[in-house]
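**Student:** With the hints as a guide, bring both chains together as one complex.
Residue numbers (our numbering), protein chains in the order written: chain A, 565 to 740; chain B, 2 to 463.
These aren't lab readings, by the way, just hints derived from the structure by calculation. Errors might be hidden in some of the hints.
[Said to hold, decoys possible] Pairwise CB distance ranges, derived in the manner of DEER restraints:
no.	chain 1	residue 1	chain 2	residue 2	range
1	B	I441	A	F716	42 to 52 Å
2	B	L442	A	I673	48 to 58 Å
3	B	F26	A	S722	43 to 53 Å
4	B	M425	A	I582	34 to 44 Å
5	B	M425	A	A721	38 to 48 Å
6	A	V734	B	M57	13 to 23 Å
Cβ coordinates follow ideal geometry from the N, Cα and C atoms, glycine included.
Each chain is listed here by its residues.
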Amino acid sequence: MNPVATPFFFYLLAGTMIIGGILVITRKNAVHSALALITTLLAQAALYLMLYAPFVAGVQIILYAGGIMVLFLFVIMLISIERAAKERQFNKQWLVGIVAAAALGGLFITIYTTTTKGKELFPEGRMTYGESQNTQQIAALLFDRGAGQYMFAFEIASLLLLVAIIGAVVMAKKRI
Amino acid sequence: MHELIDYIQKYLDSNQTPGAAGNIFWATVYILLVFGGLSVAVIAMNWLERKILAHMQVRLGPMRVGPHGLLQPIADAIKLLLKEDIIPAEADTFVFWIAPFMVVLAAFTVFVVVPFGPTHAITDMNIGILFMLGVSSLSVLGIVMAGWASNSHYPLIGALRSSAQMVSYEVAMGLAVLSVILLTSLHGVDLGLYGIGANDPQAYGTLSMIGIVQAQQEQGVWFIFKFFPLGLIGFFIFAIAMVAETNRAPFDLPEAESELTAGFHTEYSGFRWSLFFLAEYSAMIAVSSIAVTLWLGGWLRPFPGVHGPSIAIPHIWPPADPAAPTGALDFAFALIPGISFLLLAAMCFYNVARMPKHPLFKIQTMGLAGFGAVLGLIGLVMFIPAVRDRVNDIFWFAAKVAGFMYLYIWYRGTFPRYRFDQLMKVGWKILLPLGLALLILTAAMGMRTELWAQFQEVVHGL
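Chain B with its partners taken away, still in its complex shape (with noise of 0.2 Å):
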């Protein structure tokens, strides 16, 4: 028992991920709460997504169910659970069976690397990015699967529309890639690239998506700042390669509903389909997180290089982590958490006071107050030193997350969908050219001291 206490507290000194340190325990901790958390947020998603775009189109959105159709994702989950579950007569029954969990499991595995903060990561892999492309691209089979084994035109048609912009949009979006990848062989601001051939290991770039991160914050800049305006091309790229890889509009072409009825997952239906819907989802998450890591700093905060004067108040800053930075600007950004969650139960309370007085929206009102009063109290605890220093770096890397969220949300509900001849122009002939430029005009940026110091010697021997 003793020795069992001592393992599971061996961890919390380590300073290291449960991988990296080996601790089974832990490890199984975090995947639980990253699965937890996942589960809640692709809730969450399907709740602000139809409020949003009902906002966008000038309707209320689902208003039913709980305050501002707050319980609406429950019901629906609810429904379809216990909907009827419907094989097709003429459909490939094992492989029908087994496509959802294969998409689902594409979706969900790429967490593994996923890092919320230095700590906060399941595992750390030398591959990670690689890791994170190669079991996402894995969803692709899980589609192609679905929709041959329906055994009907529209989910083979969407099927094969999915396969091949996914695999064209694969390739835009390695390229992208591999420009942050060179860029974190960088070290110091403005010292050129030593790279491979260096004797010094710590001049290799890495994959690793902790490693990236780490990169961004010795430089003190964000990938997407860096060259300016290289590493936001490389970001546009992969913003537009993203959409296109999650099947998600102005791409959705796999479930075009006026053409195809819902593409690949017509035959689905129940527990089925909500996997899909669950694997779509997640699946938006894991490449908005890549794109956070690599381009958007991760879990830094914004301007990670600016500290302001050192400060410090007894009992509240500095940090109890010695390496931890004391600047004024660093308390004003531990800040944040707390005052947006605060920020979120005002908007609650200012909503319950705005609530009809009819006495059939007394429920409704009193369960508003009562999420309000959830916010408040998370966004308090989150102002304790102690909580405040741990959850800081899971705040902003969720926060960017959402921002992406936000993003696809607006793309649907502005954006006309493209044609098939559209898209793949948009993906062999824009963004591949631009990708390679950006590649070579990125590695020729990184060695510019050493190109301009050779150009030197081929003029002076003129």
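Bound-form chain A, shown alone (with noise of 0.2 Å):
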């Protein structure tokens, strides 16, 4: 069976993407900036079915398209568009944004066209994972006895997680 993951869906998903990064910087209307948010989060988890991911594009779509900015919208919300719209925004640091963007586009271009001894930094075909097996894979990556290494990382990070909500607690609420 043929990959149904044509170039032609590559550049669609890239190209909403960006889209949908511009209008989220642009639109003065906060939750019109949230809604071009949720389109770009929704087409990047399809970038993510199109790389043999299904398991993370669906974790993509849950977590942050319907978790996260469920709650962002819910915060937005409740401010007053009209004054929000009018303010003006008063941290003048464009000169400072282009640079930063222009390094990075600039580094991307460099890794992108280097060949080193003579080699691509990528290769011609790729390695394609079993879609089938995706997220049975990833379990094992994490908890198997012999191939699982990343538990410790990810055991790490959600002790993070679990600091950030038992900060958001303490500063919140006053008398516990």
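**Tutor:** Here's what the structure looks like:
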């Protein structure tokens, strides 16, 4: 069976992501920005699907598009949109921003075009993992007795989140 | 032309879902079938809900349009389509316009992975259940957008309530689902958990919807009865959370009419409102089919592990598929779809006989008789062996989902609405700890042989 992930879909999704990203920073209305961000995140989930990583795509949709963005909207909706739209931007950092963006873009282009020792950085063919075993493979990488090597890092990351939760509760509630 | 026919026919021998076979033609046919069936189910549900609620309140319900109000949903649909479509002057037009589509899209997309049978699904994904939960959680975005874009107080409060409620209950729901996914990694009835770490890839659990039902088939038990009462508790957590997820009574605070007029869709009218209606009912069917797939054995008949003595009747039994079971009980259950349709037809004819004999009721009586005749014909067709073996799984799946739909109406007819703090208390203080305990206990039960061996080792060492 031929892969359905043709370059057309990649360019479509990448285009959607870029347009969404631009809309996020150019819209005055915060809710519109959030909606554009959701579009970007969904397109990113589709890109993960193209990379034969359905589990990551599913988690992306549940966590970012379904969970975090809902909470974002929750907060933004309570802001007075009219007053926020009239406010002018007060931090003048566009020069620094342009320099940083140009540096990052230059870095990407350099990496993409560089060849080291006659070999290109991106190989011609790519390894394709079985899409049908992706979840099981991730589980094996995390928890397998032999091959599992990322469990400690995973647990540390979850500990970090726990610290953030406790911090939020302490800051929000004066009396516990 | 020949190639085209070949392409279409090739799928029929493949014994796979169209998605797995990569056959675009049949995938399209399946999508259209599911979409059509779903729309009919929503229409039927509309009529049934009004009728059953009415009977619970000792009323008659719709009686005017068609025999026993059977054509009422069609009249409603025409009314909704012809209604004026109003967009409030202060509304955010674009978001207002796109919100209902978002909700409908989320509600219908999940049916891509719903397994009506081992081959009767549009496709099967490695992340099936995760996909269903994820995409159905997107519908809350549509609701929030609708509430905000209306630029009105009641819709905004309704949307806020809805998003808080759905985010809270998703947690409990996820824990209940997780306990089932643990169960899928068990192989054999009482062999203990091999699970992750074993070399056999079959020993992993699965997220695929078809895989979950196949695990129940392999273990010969619906997961609701697995590790009694653990499976039952998980099912109850999910059954409560799914009512809250779909914003139905008794958790219908986002559209509590006594406080918020109609909640998030107060400002919507006509076609846009009917999209919300469509999405609500198809979301109900979607979560019900998750519950059926995870706990009630999906397309499996009741007692999937009992077959009875093997029998053979020429031309009728056993089925053409050599892998299918041939027991007497299998035969009896294979006849139930046809019999149940015949029973429905008999009910129609009984009511034809009870119709008033006045000339004004002549057309209604004829209509009901015609409806009964169609049902009877469907029942008879279902006895043909070739049809019988193909629709059996769809029948059992649909019958179980229909049971859930009745439950939804029953809840609405009997339970008073929760207060918001009570709702949050149920979600966070009861269902969440219960779900966590369930998850740990299920894992412990799955590994009990290994845990017991380790325990004995420790005792031995002392």
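**Student:** Now look at each hint and say whether the structure bears it out.
**Tutor:** Consistency of the hints with the structure:
1. The given range of 42 to 52 Å is broken by B/I441 and A/F716, whose C-beta atoms sit roughly 22 Å from each other.
2. Remark: the range hint 48 to 58 Å for B/L442 to A/I673 is upheld by a beta-carbon distance near 55 Å.
3. A hinted range of 43 to 53 Å holds for the C-beta pair B/F26 and A/S722, which are about 46 Å apart.
4. The hint said 34 to 44 Å for the Cβ distance between B/M425 and A/I582, and at roughly 40 Å that hint holds.
5. Taking 38 to 48 Å as the suggested C-beta distance range, the pair B/M425 and A/A721 does not conform, at roughly 28 Å.
6. For A/V734 and B/M57, the Cβ-Cβ distance of about 50 Å falls outside the hinted range of 13 to 23 Å, so the restraint is violated.
Violated hints, listed in ascending order, are 1, 5 and 6; each of the other numbered hints is respected by the structure.
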